[in-house]
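Novice: With chain A held as given, fit chain B onto it using these hints.
Going down the list, the sequences are from chains A and B.
With the first letter of the first sequence counted as 1, position 45 gets the number 785 in our numbering; the numbers rise by one all the way through.
With the first letter of the second sequence counted as 1, position 56 gets the number 1238 in our numbering; the numbers rise by one all the way through.
Careful: at least some of the hints might be erroneous.
[Unchecked claim] From the structure, some residues in chain A lie toward chain B, with a derived Cβ separation under 7 Å: (1) D760; (2) T775; (3) G777; (4) D779; (5) F781; (6) I788; (7) E797; (8) E800; (9) T818.
[To be verified] Subject to a maximum C-alpha distance of 16 Å in a straight line, what follows is the list of computed EDC-like cross-link-like pairs (lysine to aspartate or glutamate): (10) B/K1405 / A/E797; (11) B/K1405 / B/D1468; (12) A/K819 / A/E800; (13) B/K1389 / B/E1528; (14) A/K819 / A/E797; (15) B/K1419 / B/D1469; (16) B/K1405 / A/E792; (17) B/K1405 / A/D782; (18) B/K1247 / B/D1219; (19) B/K1405 / B/E1333; (20) B/K1405 / A/E800; (21) B/K1465 / B/D1476.
Derived by calculation from the structure, the hints in this document are not laboratory data.
All values reported here derive from a predicted model rather than from experimental measurement.
The beta carbon of each residue, even a glycine, is placed where N, CA and C say it ideally should be.
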Amino acid sequence: MTEADIKTTIFQLLKRIAPDTEPSTLGPTDNIRDTLGIDSFDALQFIIALNEKLGIEIPEQDYGKTGTLEQLIAYIKTKER
Amino acid sequence: MIEFRMPSLGADMEAGTLREWKVKPGDTVERGDIIADVETMKGIIEIEVFDAGVVEQLLVKEDEKVPVGTVMALIRPAGETAAPKPAERHVYETFKSIVNVKEEIPPVPAPAHEGLRASPLARRIAAENHLDLTTVQGSGEGGAITREDVEKAIAERDIRLKPRPAEPAPTPAASTENIRMAVAAAMSKSNREIPHYYLETSIDMSKALAWLAGANRQRPVAKRLLPVVLLIKATAKALREFPDLNAVWENGLQRKAEINIGFVISLRTGGLIVPAIRNADKKSPDDLMETLTDLIPRARALKLRSSELSESTITLTSLGDDGADAVFGVIYPPQVAIVGFGGIREQPVAENGLIGVRPVLRATLAGDHRATDGLTGSRFLAALQQLLQQPETL
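Only chain A is shown next, with the shape it has when bound in the complex (with noise of 0.2 Å):
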């Protein structure tokens, strides 16, 4: 996938788990929970989502990893290699 693939598929996961609000708006250096109001909730279930969506699995301790647009991205291209 390329970047802009990844990209358009995390605005597509978080615009279905959070309908009311705008990911497109997000700056890569904006943290995702805090932009958009994402709650731990709703945070878990992107996590499914992107799991189910492109087969990675993000484990618990590696959620600090994946605050930002830009970190997502990154971590979510490790785990394609």
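Specialist: Frame of chain A, contents of chain B only:
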């Protein structure tokens, strides 16, 4: 004749939509019978009647939206057999409506009958048209009510009660606004009527989080548990020992047999909604996680069932890991307690003369001092703390 009026859920509610009559003219109603479903800012509310009688006339049509205070039906009191007397002396205070927050309806002042001046013709026309003469402004000499005054009042009422097209489904923005107002009504009532006491304790969450991390490592992503399920289960289990906190205050303390945790869910657009997790003490952490997975998205989409909004026996609010350190809740009437959890923070903890850094959770209890004392609340928090030290037993 008794006037059944559109009830008020609070000072900010201006109107409600009659969705369904549960009775028809000629039906006998008993105290406590539900006679209508009314859609309000709290959703569909079943409206009860508090006196026995016979439904004489339904004045509002289904799907019609009418202002608070509008007469919706006329009911002949039990024991009054003949055709009703002229309706100039309506009794206002024999009906009350109960809603799920037990918001009391501001009493409609009894009319001042003495000194009411009206011509015999005006009285007869008013009686024939079920018009309350005390609501009519007299234009005659000395404020006397004339035939013209009565006819004008009847015409105005008929315009007000004329059937209108069904209200469209509420938009999300309108619903959010309604929820804000519902929260305002419930919290104002709570602050006005409930003498709160507050307690707080710090809970070392090392064992609970370690157990959770271990449990989640063995699960597929979709089955992972959140810390809050342990908090819900521990709260529910602790309540078994403190039934006075799992209760409502309605003419005194009334314990509830089921432990139904009202779980506070905040809406991103503002406001909150509190569906019940029924029998939470009997659910496993996995069951509770499943329940939350079902409830939270529906709550945020405002698609809850009315029973889910009315069965809570206590409230639990958890700010989550991004939240403030502690929360001191406002009790949701007629409940008598609310348990609050702040974010889990690493803090220095002294134990056996040594200082260590531990994940610490500040748990609070706001209790209704009419129902319990601080000693009960304090013992409850101690029990909660103990349960969270044995997460494997939850």
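Novice: Hint by hint, say whether it matches the structure.
Specialist: Quick rundown of the hints versus the structure:
1. D760: holds (5 Å)
2. T775: Not OK, violated: A/T775 not within 7 Å of chain B, min 12 Å.
3. G777: holds (5 Å)
4. D779: Holds, because the Cβ-Cβ distance from A/D779 to chain B comes to roughly 5 Å (cut-off 7 Å).
5. F781: holds (5 Å)
6. I788: Since the shortest Cβ distance to chain B is 5 Å, the answer is holds.
7. E797: At about 6 Å, which falls below the 7 Å cut-off, the nearest Cβ of chain B leaves the hint on A/E797 intact, so it holds.
8. E800: holds (6 Å)
9. T818: Hint on A/T818: violated, closest Cβ of chain B at ~17 Å, above 7 Å.
10. B/K1405 / A/E797: holds (12 Å)
11. B/K1405 / B/D1468: holds (8 Å)
12. A/K819 / A/E800: Measuring from Cα to Cα gives roughly 15 Å; hence the hint holds.
13. B/K1389 / B/E1528: holds (14 Å)
14. A/K819 / A/E797: With Cα atoms ~9 Å apart, A/K819 and A/E797 stay inside 16 Å; holds.
15. B/K1419 / B/D1469: holds (14 Å)
16. B/K1405 / A/E792: holds (13 Å)
17. B/K1405 / A/D782: holds (14 Å)
18. B/K1247 / B/D1219: holds (12 Å)
19. B/K1405 / B/E1333: violated (69 Å)
20. B/K1405 / A/E800: Holds: B/K1405 and A/E800 sit about 13 Å apart, inside 16 Å.
21. B/K1465 / B/D1476: At roughly 14 Å apart (the allowed maximum being 16 Å), B/D1476 and B/K1465 satisfy the hint.
Of the numbered hints given earlier, the model fails hints 2, 9, 19; all others are met.
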